[in-house]
Amino acid sequence: SSWWSHVEMGPPDPILGVTEAFKRDTNSKKMNLGVGAYRDDNGKPYVLNCVRKAEAMIASKKMDKEYLPIAGLADFTRASAELALGENSEAFKSGRYVTVQGISGTGSLRIGANFLQRFFKSSRDVYLPKPSWGNHTPIFRDAGLQLQAYRYYDPKTCSLDFSGAMDDISKIPEKSIILLHACAHNPTGVDPRQEQWKELAATVKKRNLLVYFDMAYQGFASGDINKDAWAVRYFIEQGINVLLSQSYAKNMGLYGERAGAFTVICSDAEEAKRVESQLKILIRPMYSNPPLNGARIASIILNTPDLRKEWLVEVKGMADRIISMRTQLVSNLKKEGSSHNWQHITDQIGMFCFTGLKPEQVERLTKEFSIYMTKDGRISVAGVTSGNVGYLAHAIHQVTK
Amino acid sequence: YLPILGLPEFRANASRIALGDDSPAIKENRIGSVQSLGGTGALRIGAEFLRRWYNGNNNTATPVYISAPSWENHNSVFVDAGFKDIRTYHYWDAAKRGLDLQGLLDDMEKAPEFSIFILHACAHNPTGTDPTPDQWKQIAAVMKRRFLFPFFDSAYQGFASGSLDKDAWAVRYFVSEGFELFCAQSFSKNFGLYNERVGNLTVVGKDADNVQRVLSQMEKIVRTTWSNPPSQGARIVATTLASPQLFTEWKDNVKTMADRVLLMRSELRSRLESLGTPGTWNHITEQIGMFSFTGLNPKQVEYMVKEKHIYLMASGRINMCGLTTKNLDYVAKSIHEAVTKIQ
Chain H
1 SSWWSHVEMG PPDPILGVTE AFKRDTNSKK MNLGVGAYRD DNGKPYVLNC
51 VRKAEAMIAS KKMDKEYLPI AGLADFTRAS AELALGENSE AFKSGRYVTV
101 QGISGTGSLR IGANFLQRFF KSSRDVYLPK PSWGNHTPIF RDAGLQLQAY
151 RYYDPKTCSL DFSGAMDDIS KIPEKSIILL HACAHNPTGV DPRQEQWKEL
201 AATVKKRNLL VYFDMAYQGF ASGDINKDAW AVRYFIEQGI NVLLSQSYAK
251 NMGLYGERAG AFTVICSDAE EAKRVESQLK ILIRPMYSNP PLNGARIASI
301 ILNTPDLRKE WLVEVKGMAD RIISMRTQLV SNLKKEGSSH NWQHITDQIG
351 MFCFTGLKPE QVERLTKEFS IYMTKDGRIS VAGVTSGNVG YLAHAIHQVT
401 K
Chain X
1 YLPILGLPEF RANASRIALG DDSPAIKENR IGSVQSLGGT GALRIGAEFL
51 RRWYNGNNNT ATPVYISAPS WENHNSVFVD AGFKDIRTYH YWDAAKRGLD
101 LQGLLDDMEK APEFSIFILH ACAHNPTGTD PTPDQWKQIA AVMKRRFLFP
151 FFDSAYQGFA SGSLDKDAWA VRYFVSEGFE LFCAQSFSKN FGLYNERVGN
201 LTVVGKDADN VQRVLSQMEK IVRTTWSNPP SQGARIVATT LASPQLFTEW
251 KDNVKTMADR VLLMRSELRS RLESLGTPGT WNHITEQIGM FSFTGLNPKQ
301 VEYMVKEKHI YLMASGRINM CGLTTKNLDY VAKSIHEAVT KIQ
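Sequences listed follow chains H and X, in order. Position 258, counted from 1, in the first sequence is what UniProt numbering calls 258; the numbers after and before it change by one each time, with no gaps. Position 30, counted from 1, in the second sequence is what UniProt numbering calls 30; the numbers after and before it change by one each time, with no gaps.
Here chain H stands alone, though its shape is the one from the complex (with noise of 0.2 Å):
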C-alpha cells in the first residue's frame, strides 16, 4: 500500500479549467477571456522592447552565474522601492524602508504574510476586499493567518460599494491587518478616486489598522506609474507605515521570470535594518535567494535613463491598448443596440471587467459562441483584439437582450 492512499484529489483549478476548454475547442471565432496575461492586437503575447534589449544588454555582458543575496538584487530592489514610493519620497529617502527582491507578486504577498505572521502579535485576522484575487486567501491561509472581508464590489452598479465599505472598515478591530488594492482592483476593475482614498486612509488611521498594499498594475492601470501609485504614496505621506508587495509580471511582461518585490515602511533606517534581518531568515528556508534574471531585465530598465522612458512609453501602449478596447466594446454594444448601461466596463481600469454578466449567460457565451471567460463574469479585456470586439459585443447583446 501508499503512504498516500488517503491524498484527496486537489480541486482544479477554475481559470485553468477555462484555458483546457478554450484549447479544446474547434471554432474559430473563438476567444479566451481568462487569459490573465496581456495580449497585443493580434491575440499574441508582447515582450517589451526594452526588456529585449536590457537581455541583449545581460547577454552582451557575459555575467556569471553567482547566487544573489537572499534579500535579491540590491540595485533592483532600491530601483523598486523608488518606484513604488516616488524619488521624492522622505519615507525613501531617508532610507526608513527595507524592500526584498520576491518570487513576483505571490512570491512577496507570502514573505510579508509570513513576517505578519512570526512578528505581527496584535492580530491574526486580514481583511480582504469582497472579491479579491482568488490566490489571496489561500496564501494567508497557509502562513497561517485567518481572512476576514469587506464589502468593495456592488453588483447592482458594477462600481464601489464605498459607503458598505466605509461602513465595514471602520468596524474593523483595531490593529488588525487590511489588504487594499493599490490600483486596477483585480478581479472587478473598480478602483477608489481619489477623494475616496482620502477617507479610506483617514478611517484605516483612525482604526489603527495595519495596511498591506498589493501593488500588481503600477503603470498598467492608467498607464501613468505615479498615479497607479498615487493611493500608496498617500497613505505613506499620512504617516501610515504600509506593507506593499509589487510585481512587474504585467507592467514588465515578466511573467516567467517571477520579478517582484516586498516592502516595509519602518520608523527608521534602524528598525528597517531589523526588519531585513527577519526576512531573510524567513526567505532562507524557503528557497534560498531569488533568480537572478527577471530582476536583473527589471533593474536594467529602471536604472538605465533612455530605456525607464522607452518602459514608460510601452507600458502607457498597453495601457491604453486596454482603454481602448474598453471604449469600443461599449460603443459596439450600443451599435448592436443593447439597451443596457455598460458604462462600467469604461469606468472600470486594468486588465480585468466584471461585466456583470449572470452565471447562465456566462455559459451561453460560452455553449454558443465560444467565448471563455470565468464563471463569475470576469473577462480579461487583454484578451480583447480590434478584430474580436465586435463579434464580443454581437454576443453578449444575444445573451443580454
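Hint data in this document are derived by calculation from the structure and do not stem from the laboratory. None of the values given here were measured: they were computed from a predicted structure. Quick reminder that beta carbons are idealized off the backbone N, C-alpha and C, glycines included.
Okay, derived cross-link-like pairs now, EDC-like style, lysine to aspartate or glutamate, Cα gap no bigger than 20 Å in a straight line:
#, chain 1, residue 1, chain 2, residue 2
1, X, Lys220, H, Glu8
2, H, Lys316, H, Asp306
3, X, Lys84, H, Asp142
4, X, Lys220, H, Glu20
5, H, Lys358, H, Glu368
Facing chain H, from chain X, some residues (calculated, C-beta under 10 Å):
#, residue
6, Glu48
7, Gly56
8, Phe114
To spell it out: a stretch of chain X is covered by chain H in this simulated footprint if at least three of its residues, at any positions, have a beta carbon under 8 Å from a beta carbon of chain H; those stretches are:
#, stretch
9, 209-216
10, 220-229
Since chain H is already given, all that's left is putting chain X on it; use the hints.
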C-alpha cells in the same frame, strides 16, 4: 507564465536524470516532478507536503531526522514547514574522521516508525563522507523494516564522482527496493546555474494514481508559495538534457569540474604529507564532493583566518573549489602551520 508545476520538458528530463533512463518507476508511470526554486525550494515543497499529508493529516509531530552534521538550512526548512520534532541521527565520527555507520543504524532502529529521514544522495554536506553501496544497502534494509520515509537531498549529482549514474546509485537502489520517496534535486552546482534557481522535486510512488493525487496537492502548495517557477534556468536545462549533443557536452563539463576538485584533493593531500604535517590526511582524498571536513579545530581555524587570511568554516569545513594550482602551496603551508603551532 510556466504551468504551476513547471516546464514539462524540464520536469520529465530532470527526474529521468535522477532515476535513470531504465528506471522501473518511470516505466511504470509512478513518478512525478515539481520544478522548484533550487534544491532549497524542492526541499520546502516536499516538507510542506509531508507536514500536511504524511503519517496522517497535518501531523506536525512526525519526527524528522537530519544527519549530525548537515547543511544548516535543512533544520530551518522543516521547522518553517511546521514540523515540531526535529532530531539528529549519528553520521560523522570525528575521532576516526569517517561515517559512524553503527550510530546511524542504531538511530534508525530506535526511531519511531514512520519517521522522516533526510539522506544526502551523494557528496554529503559538510563532511564529504558518503556511505558505500554496501552501507546504503544496510541503511535501506533498516528503513524498510521500520517504515521510515526516505527524503533524499541530491545537490551534487555528477559533481561528486564525475559520473551521473554513480552519484545517483543510492537513490536508484532505494527505488529498486520498492520505496516511496522524495528526491530534492538541485542544478545549481552541476549546471552552474546558481542564481537561476533551478531545482526539481522528484516523487516516486506506488502507482500513477497515488502520484497524481500527490502532485495535485503539491500544486496547491506551490500556488501559495511562488505561483509558478522561473522559466529561464529550466529552459536551459531542458534544452541541454533533450539534445543528445548538448547532453554529451554537459556530462563532459560536469566531469571536468569534478576532476578539478579531485585533483585539488590529491594535490593538497600530497603536499601535507610531504610537509610531514602531523596527523593523517587520507580523508582529504577519501571524502567526496565540494567540501572537506579537514579536522582543523576552531582555534586552528581562527589562526587560518586571522593570520593567513584563509577563510573557512569554524567546523573546519573547506570548499575544495576555492583551491587552485596557484594557491595550493600557500594553503598547505598554512594548514601545516596551524596544526603545528596550535593545539
